[in-house]
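For the record, the sequence lines run as chains C and Y. With the first sequence counted from 1, adding 2 to any position gets you our numbering. With the second sequence counted from 1, adding 2 to any position gets you our numbering.
For the record, the hints were derived by calculation from the structure and aren't laboratory data. A portion of the hints provided could be inaccurate.
Unchecked claim - Stretches of chain C that chain Y covers, calculated by requiring three or more beta carbons in the stretch to come under 8 angstroms of a beta carbon on chain Y:
# : region
1 : 17–29
2 : 40–46
3 : 65–71
4 : 100–114
Claimed, not checked - Computed list of chain Y residues with no C-beta within reach of chain C, every gap over 12 angstroms:
#  : residue
5  : Leu44
6  : Ala45
7  : Gln48
8  : Pro78
9  : Asn82
10 : Ser85
11 : Leu86
12 : Asp104
13 : Phe107
14 : Asn109
15 : Ala139
16 : Cys148
Each residue gets a CB set at the ideal place from its N, CA and C atoms; glycine is no exception.
What follows is the residue order along each chain.
There are 2 protein chains.
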Amino acid sequence: MYVNSCALCSPTSNTLLWQDDFCRVVLLNDVDYPAYCRVELLAHVQEMTDLLPLQRARMMKTVFAVELALREIFNPDKINLASLGNKTPHMHWHVIPRFENDRHFPNSHWGEAMRDGEPTAHDQEVIKAPVNIEALAEKINAHIQCALNSPAD
Amino acid sequence: MYVNSCALCSPTSNTLLWQDDFCRVVLLNDVDYPAYCRVELLAHVQEMTDLLPLQRARMMKTVFAVELALREIFNPDKINLASLGNKTPHMHWHVIPRFENDRHFPNSHWGEAMRDGEPTAHDQEVIKAPVNIEALAEKINAHIQCALNSPAD
């Protein structure tokens, strides 16, 4: 199903890191969260439980593969996962590496900011460094292939 | 693993809806979100990818079973799912039925409030009504049993 007014039903305007015929992984290029990724279902489906159990499992395997890749590359203090969709009810998962010195920590990045956007030395080194898109895409691809081809789920 | 300082390593102080030897489902009795549930892993594990793939699948099947039960009973406009854990890094999933007239919609319930806590007539009828704990627990149990006993994941 394709919905004309839905931003996620169109080709992405973000950096495409991975895609198959079921979903895609994009980098949001968020200024405060440069490694912030999103896993977007291609079909316009609102809730996880609107999907079949096998499709839910496939979606989550992809989300966890992205989580693994982000942890290996950025070594965050915490991973935040969320599927809200109140504004865009087209299934997508936020995968956000969080650092103790990031703008909102320990709050949700949708919550109150705890410090301004001025990067600390630690931020500059760990978070604000430009993301190596190729390396991230390669690691995400490797983890997704491994997860989707694994019999255990 | 049990961590003395961790709020989720102790028996819950919330309303227990379901529990097995792996995780528990609780009702938070949140004044703005009376049907707000949480699925809490019993073990003190920080990230989903610290779990084995089969454990991740078991956790998500439980989360989706709670989502199904909440949808059937409350018919929300949207379901919000999130695993953050920045303040309490012990794996737990927020499962929040959202309504267009709730306090923060369409924002995250961690974000800016869009209206005050005064319930509208619609709120009073749909959201603010006391939750029938027994009926909710029964439906959650039925969906979890069905999901955990299903070969498809």
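Take the region 65–71 of chain C, compare each residue's beta carbon with every beta carbon of chain Y, and decide whether three or more fall closer than 8 angstroms.
Three-residue rule met by the region 65–71 of chain C, so holds; n is 3.
Find the nearest Cβ of chain C to the Cβ of leucine 86 of chain Y and say whether that gap is larger than 12 angstroms.
Not fine: 5 angstroms to the nearest Cβ puts leucine 86 of chain Y too close to chain C.
Non-interface claim for alanine 139 of chain Y versus chain C (Cβ beyond 12 angstroms):
holds, 19 angstroms
Classify the label on glutamine 48 of chain Y as holds or violated, using whether its beta-carbon is more than 12 angstroms from each beta-carbon of chain C.
Glutamine 48 of chain Y is in fact no farther than 12 angstroms from some Cβ atom of chain C, at 7 angstroms.
Once the closest CB in chain C is found, is it more than 12 angstroms from alanine 45 of chain Y?
For alanine 45 of chain Y, whose nearest Cβ neighbour in chain C is about 17 angstroms away, the distance exceeds 12 angstroms, so it holds.
For the region 17–29 of chain C, do three or more residues have a beta carbon lying closer than 8 angstroms to a beta carbon of chain Y?
violated (count 0)
So is asparagine 109 of chain Y really clear of chain C, every C-beta pair being over 12 angstroms apart?
The claim is violated: asparagine 109 of chain Y sits with its nearest Cβ about 7 angstroms from chain C, within 12 angstroms.
Beyond 12 angstroms on every Cβ pair: is that true for aspartate 104 of chain Y relative to chain C?
Label violated. Min Cβ-Cβ 10 angstroms, cutoff 12 angstroms.
Non-interface label on asparagine 82 of chain Y, tested against every C-beta of chain C at 12 angstroms
Asparagine 82 of chain Y is in fact no farther than 12 angstroms from some Cβ atom of chain C, at 5 angstroms.
Non-interface claim for phenylalanine 107 of chain Y: all C-beta distances to chain C beyond 12 angstroms?
violated, 6 angstroms
Mind checking, does the region 40–46 of chain C have 3 or more residues with a CB under 8 angstroms from chain Y?
As far as the region 40–46 of chain C goes, the hint is violated, because 0 residues have Cβ atoms under 8 angstroms from chain Y.
Going by Cβ atoms, does cysteine 148 of chain Y stay more than 12 angstroms from chain C at every point?
Label violated. Min Cβ-Cβ 10 angstroms, cutoff 12 angstroms.
Figure legend: structure checked against the earlier numbered hints; hints not met, in rising order: 1, 2, 7, 8, 9, 10, 11, 12, 13, 14, 16.
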